Every structure is written in C-alpha cells, then in structure tokens.
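Let chain A serve as the given structure and place chain B on it in line with the hints.
Residue strings, one per chain:
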Amino acid sequence: MKRQIMLVAAGALAFAGTQSAAVSADREVHVAGFGAKSGVVRSFGINTEAVMRAAAEKINKEGGIKLGDGTKGKVVVTFYDDRCKAEEGISVVRRIASTKAVVAIGPTCSNVAEPLFGVLQKKAGDASDTGLQFPIFTDTAIKGGLAKISEWAFRNVPNESQMYQSLFKWVKKENPGYKSVFGGVEEDFAHSRFTWYQVMDKRAQEAGFKVLGRVKWLLNDTNFTTQVRQMKKAKADVISISSHPFTLCGVLKEMKRQRVKYKMLIGLTSSSSLETLRGCSKQAKGIIIPTSFAPVTPAAKEAAAGAAKFNGSADLHSAAAWENMFILKDVIEKTGVMAKGDTVQADRRKIRDGLAALKSTGGLIGGIQRTMEGEAVKPYVYVHAQGKEWKILHDPRK
Amino acid sequence: MSDFTWGLIQIVGVHTILGLSAYVILLTGQVSMAQAGFVAIGAYVAGMLTVLAEWHIIPSMITGGLAAAVLACIVGFPALRVRGLMLVVATIAFGEFVRLFWFNFDYRIAKGDIVVGPEGGEGFKQIRFFPENGWTTQDVAIFIWIVTAIILAALWWMDRSRAGKVLRAVGEDEMAAQSVGINLTVVKVSAFTAGGFIAGIAGALYAHYTTHIEHLNFDILMATFAIAYPILGGLANVWGTLFAAIFIQVIVIEVLRDLGDVRNLMFGALIILVMNFLSHGLFSAQVVRKLKEWTRLGRPSDA
Numbered sequence: 003m004k005r006q007i008m009l010v011a012a013g014a015l016a017f018a019g020t021q022s023a024a025v026s027a028d029r030e031v032h033v034a035g036f037g038a039k040s041g042v043v044r045s046f047g048i049n050t051e052a053v054m055r056a057a058a059e060k061i062n063k064e065g066g067i068k069l070g071d072g073t074k075g076k077v078v079v080t081f082y083d084d085r086c087k088a089e090e091g092i093s094v095v096r097r098i099a100s101t102k103a104v105v106a107i108g109p110t111c112s113n114v115a116e117p118l119f120g121v122l123q124k125k126a127g128d129a130s131d132t133g134l135q136f137p138i139f140t141d142t143a144i145k146g147g148l149a150k151i152s153e154w155a156f157r158n159v160p161n162e163s164q165m166y167q168s169l170f171k172w173v174k175k176e177n178p179g180y181k182s183v184f185g186g187v188e189e190d191f192a193h194s195r196f197t198w199y200q201v202m203d204k205r206a207q208e209a210g211f212k213v214l215g216r217v218k219w220l221l222n223d224t225n226f227t228t229q230v231r232q233m234k235k236a237k238a239d240v241i242s243i244s245s246h247p248f249t250l251c252g253v254l255k256e257m258k259r260q261r262v263k264y265k266m267l268i269g270l271t272s273s274s275s276l277e278t279l280r281g282c283s284k285q286a287k288g289i290i291i292p293t294s295f296a297p298v299t300p301a302a303k304e305a306a307a308g309a310a311k312f313n314g315s316a317d318l319h320s321a322a323a324w325e326n327m328f329i330l331k332d333v334i335e336k337t338g339v340m341a342k343g344d345t346v347q348a349d350r351r352k353i354r355d356g357l358a359a360l361k362s363t364g365g366l367i368g369g370i371q372r373t374m375e376g377e378a379v380k381p382y383v384y385v386h387a388q389g390k391e392w393k394i395l396h397d398p399r400k
Numbered sequence: 033m034s035d036f037t038w039g040l041i042q043i044v045g046v047h048t049i050l051g052l053s054a055y056v057i058l059l060t061g062q063v064s065m066a067q068a069g070f071v072a073i074g075a076y077v078a079g080m081l082t083v084l085a086e087w088h089i090i091p092s093m094i095t096g097g098l099a100a101a102v103l104a105c106i107v108g109f110p111a112l113r114v115r116g117l118m119l120v121v122a123t124i125a126f127g128e129f130v131r132l133f134w135f136n137f138d139y140r141i142a143k144g145d146i147v148v149g150p151e152g153g154e155g156f157k158q159i160r161f162f163p164e165n166g167w168t169t170q171d172v173a174i175f176i177w178i179v180t181a182i183i184l185a186a187l188w189w190m191d192r193s194r195a196g197k198v199l200r201a202v203g204e205d206e207m208a209a210q211s212v213g214i215n216l217t218v219v220k221v222s223a224f225t226a227g228g229f230i231a232g233i234a235g236a237l238y239a240h241y242t243t244h245i246e247h248l249n250f251d252i253l254m255a256t257f258a259i260a261y262p263i264l265g266g267l268a269n270v271w272g273t274l275f276a277a278i279f280i281q282v283i284v285i286e287v288l289r290d291l292g293d294v295r296n297l298m299f300g301a302l303i304i305l306v307m308n309f310l311s312h313g314l315f316s317a318q319v320v321r322k323l324k325e326w327t328r329l330g331r332p333s334d335a
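Top line first, the protein sequences correspond to chains A and B. According to the numbering used here, the first sequence is numbered sequentially starting from 3. According to the numbering used here, the second sequence is numbered sequentially starting from 33.
For the record, the hints were derived by calculation from the structure and aren't laboratory data. There may be inaccurate statements among the hints.
[As the list claims (entries may be wrong)] Using 20 Å as the maximum straight-line C-alpha spacing, the simulated SDA-like pairs for lysine to any residue come out as follows:
(1) 143/B x 147/A
(2) 150/A x 186/B
(3) 124/A x 142/B
(4) 124/A x 166/B
(5) 125/A x 355/A
(6) 125/A x 194/B
(7) 124/A x 158/B
(8) 204/A x 146/A
(9) 150/A x 130/A
(10) 124/A x 86/B
(11) 336/A x 371/A
(12) 150/A x 142/B
(13) 174/A x 164/A
(14) 102/A x 80/A
(15) 124/A x 146/B
(16) 125/A x 164/B
(17) 212/A x 235/A
This structure is a prediction, so every number in the text was calculated from the model and none was measured.
So that you can see chain A by itself, here it is in the shape it has in the complex (with noise of 0.2 Å):
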C-alpha cells in the first residue's frame, strides 16, 4: 500500500513537473527584427539580425526570461527585411504589431526611423492621438534626434556629436600643428549628410580647425574623380569623410590614384565595419573613427563570436542589437510581461514604460546613460584600421 501510495505521489509529481514545463515552454516572448536586408546597405540590416538570434540563443540557454507570474518565457526572434524604404518600414512595423510581437529592434535607416516614428502616438496614453502604440527600440537608424519624435520610440545608438566633439579636440591636443580641415559627405543620405553638416563640420571648429570646405556626392556615385581632385587642391591637414563604406572605399580608391597626400583621415562612425575593411582595407589604413563598439571587454568578444555563428558581424551598429536584447530582457522581468495572448497590447505598454524609466544600462564597453528623451549616451573609443582589423587608438575614458 505505501509502494502504491508513493507510485501514486511520484506520477503526480511527474504530471505536475510535465505540466509546469508545458505552461513555460508554450510562453514565448516575441521579439521583432527589421532593418534593411536588401539594397545598397542591406549588410546593416543581416547583421543585426545574426546579433539579435545570438543573443536571443544565449538568453534562451541561460533559461529564458522569467515572466511575471514567476514562470520562463522563450525568446523567439523574426526578422523582416524594410528595403532602407520609409513606406515599406511602416508596413513592416504594423505587420509586426498585428502579431504577438511585444517590441521591435530596427530599423537600419534614419530615412524610414524618422517617419515611423511619426506613425507612432506622440505622447503615450494621450486617447486623442491614434498613433501606433508599440515600443521601438532602435539599434542602427544614428541620425541625431529622432527618438523626441514619440515616446514609443527608444534608440540606443551613440552620440555622435559628443563623439566628434571629443576626437577633433584630442586630435588638435596631440597635433598641435595641423591647423585645416578638409570634409567629405555623402550628400543624399540622411545620416551622413547631418554628421557632415551638424557634427563634423562644427566639432571640428570648436576645437580650432579651419574648415577649407567640403565636396559632396551621392551614395549611388562610383565616380569621384572631380571631388578628389578639390579634395587634393585644399591641401588640409585632415581629410573628414562623412559617409559609409560602400562610397567611403571608393573615394579612398581614388585619393590613392591621385596621390592625396594628408596627415590624419577621419571617418563616419558607421563605416568602422567589415564592410570597410573588405572593401578597402589597404587604402583605409590609419583611418580614425570613434566608435561605441569593439570586442574589448569578454561580453563584447562573445557578441562578435556570437554575430560570427550567425553569420554576421559586430560592429558599432549591429552590436547596439545585442545590448538592446539584454535591455529588454531586463525590462521584461522587471515590469512584468506575461507574454500571454491576451495580453499583448498590456505588455507592450509596459515595455515602454519600463524602457521610458530606465536611467542607465549596461553595456558591451561599458555602462550606458539613458536620457528623458529616449536617447543614449554611450561609451566610446577611437578605432584606427590596421590591416583586416580595427584596433584600439585611444579610449578617452582612461
């Protein structure tokens, strides 16, 4: 009698175990990916796609996400691809927001972040604006100012004017002697065109440089013969480019051709990536760039080897992805997300109002400041490329 009691005891205790692991492993926590995975930029989009399933391996390994009613929640990711096009960006995110998806990281382009944003409801809970309620929490999209636009839109991506800032005066510390600035921007694409116009052109004479002047050309050009050659008659002692790699690599190409001689090259903060390096490696020698990411600390390492299993890299963009899934992670347990069909719409709201409260994060080189206006203030250092690799130049926090 007391064997059967036990056996009776012990198949109850395996159905409740099989039940409870049933209830947990039927609770997912769905997390959306967009960016662009098609077009000229599209490597920015499936690199934060690999970042964001390694991360969401990691944390699934780990056990999940603990939910708020005390049960673990799987992560799953899906990714959609928004061409870098304004239009197919907002499709994309209502598509997201018709599923279970209870936030979404993207997208790549400050083109279809700004008018997404516009989409969302501009101040939360305010009943006469019938905006989209759902949380972004931006990785890549740089272009300064776009998260004020509505207080469902979150971004973690650097602070370039702080960035610029502080290199054009280090540089201007350590040279004394160069005295000229010559820039370069990519003029028809909204990141790099701001960062010329509102970052590197007024940094730069902050710290005392004489701005000689700037050429402009477009990120579809593959010829930049007559821009290069103003470029070689300004005779600065440092050549700003503003711009990404696909363009950044040729214009190098050609400074080489035609012998630009300089003393210090300094780029756009999204070109210190592989694309770079692939594309021209050689001629970007020395380049300086501030960048907020670089596998400098062991969380940073495992989110490159991460984004590398996953057939992506890590880099000052893509990276944001990794620190953004472990944001959230946070959020989630905190605020308590049940991750419950039901209760999506509730979720969501509290996402948002969790992300909205957080004052500081952490970070893969560091710890991350959060403002009121749904921005970053991230740590940073300068990069210099050598060879197939960026290394280190200088940290200013030491």
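Okay, now just chain B, sitting in the frame of chain A:
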C-alpha cells in the same frame, strides 16, 4: 482586420492613384517619367498646407493636386516638341529638377515649442494630420479608397466618353488623329495636366500617411513604379492598373518580403516578361473581351 491590413490597403490605394496618373498620359502614347516629380509637388504643397497653414486634408490635397497640374501643364508644352526616347529623357530631367528643388528648399516656422516645415535635405517631418485629428488607420484607408474610387470612376467614365476616344486615337496614330481634326497640342497637354493632378493627389496622400517626406522618396524608382502599373495591367481599361498595383504591392512586395533582393529582380523580370510576351499588358482588350464572354456564359441567353 488588423492595422497592418488597413495600412496595406492604404498603400495599394495610393499606388493605384500613382499608376492612374501615368495611365492617362500613356493613353496618348507618351511615356512620362516625371510622375515622381508631380507626386513630390503634391506631397510638399499639401504637407505645408496642413502643417504650416493648418488646413484640412481635403482642400490641402486638392491644392496639392492643382499645383502639380499647373506644373504638368507647363511641362506638357515643351514635351510636345519631343517624343519617344527623348520624351523619356526630358521627363526624367524634369523629375530630377523637382527632386533637387525640394532637396534645397528650406521653409520652416516656429509652431509652439517646435520648428516645422520642409528642411532641405533633412526632409519634411511631422506631417501628422491624420493621427492628430483622431483618424484611425481604418479611417485613413477608407478615405484613400474613396479618393481612389472617384479617380477610377472619373477615368472609367472618360474612357467611355468622346474624350477617351480622342486620347486613344492620338495614342494609336498621331497623324491619323490630326488628319481628322484632333488638336494634338490640346490633347497631349490635357493628358499631362490630368496626369499631374492625379499624381499630386497621390503625393498629398503619401505625405500624410508616411508623416515624413524627403527628396529621396521621389526618385526614379517611384517614376518607374508609376509607369509599371499601367504597363503591367494594360491600357484596355483602368482595372488593369488597379490589378497591377495590388499584385505588385501585395504579392511582390509584401508576401514575398522574405526573398530580399530577389524581389527587386522579380519586379524587373516581370516587366520584361510582360513587355515581351503580353505587350498590351495583363488586361489587354483581348483578355477583357474573353473575360466578358466568360462571365456571360453563366447567364441565361437573351433568346
């Protein structure tokens, strides 16, 4: 229906109007690549009216359409001097001129604690008439489709009237049309003006459902989409353009989203295939006749 479905319905509606703007001009045998430019004019003018002047969307949209129509009328005259490939080049140049105009256009005013208005290369943000006035995605979709239906009905009626026959006559054979007393100048410029007006309306709607516009939205790709719809759908009637807009936006862009760059290749391949094997489009006069015969089969005969 989900917000996403209503959003997709909005996109299809605006792209149908975009296609119809090129359809009118194609009827006269002219290929216009200037439609993106007309869309840009409608988008910026209507956006400025709702954001800066705080007008309602309907008068803003009509004014945007009229502004584009005036420009189209002006473009229509020099366009008469060239035809075929030269007209394509001339209209591309016009489209680029308009795009670069907005690229350099800066007109912002302070509104409360923020500065609003077109800001050159930075674009024109916060065109939020719909959400700020309580329009849901469904309301916007219905509004867009009311406008689309009015334009479809107007063009369908025009197709059946003398005006439509005149446009088609010019498109079939200019010499023959002229020999029977048709004034080519009036017909071609009218087609350009009507096409410009319709494109301006599409632009006004586009600016308001995306909430942010910039010069890059109105590039050669948009002009290509505009003529692709009537070319794919055929010029037999307006329904071909509607069908093509649904096919491209729903199937090629949305359903096949996961295919990445293959989608772009498919779009190009589709146009080449249709132009080679179905030169009158998917809804050619022959197909329409067969469809009519087929739909009559189920009905009792008149005898």
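Cross-check of the supplied hints:
{"no.": "1", "hint": "143/B x 147/A", "in the structure": "holds (18 Å)"}
{"no.": "2", "hint": "150/A x 186/B", "in the structure": "violated (43 Å)"}
{"no.": "3", "hint": "124/A x 142/B", "in the structure": "holds (18 Å)"}
{"no.": "4", "hint": "124/A x 166/B", "in the structure": "holds (12 Å)"}
{"no.": "5", "hint": "125/A x 355/A", "in the structure": "holds (12 Å)"}
{"no.": "6", "hint": "125/A x 194/B", "in the structure": "violated (53 Å)"}
{"no.": "7", "hint": "124/A x 158/B", "in the structure": "holds (10 Å)"}
{"no.": "8", "hint": "204/A x 146/A", "in the structure": "holds (14 Å)"}
{"no.": "9", "hint": "150/A x 130/A", "in the structure": "holds (19 Å)"}
{"no.": "10", "hint": "124/A x 86/B", "in the structure": "holds (18 Å)"}
{"no.": "11", "hint": "336/A x 371/A", "in the structure": "holds (18 Å)"}
{"no.": "12", "hint": "150/A x 142/B", "in the structure": "holds (17 Å)"}
{"no.": "13", "hint": "174/A x 164/A", "in the structure": "holds (16 Å)"}
{"no.": "14", "hint": "102/A x 80/A", "in the structure": "holds (11 Å)"}
{"no.": "15", "hint": "124/A x 146/B", "in the structure": "holds (14 Å)"}
{"no.": "16", "hint": "125/A x 164/B", "in the structure": "holds (11 Å)"}
{"no.": "17", "hint": "212/A x 235/A", "in the structure": "holds (15 Å)"}
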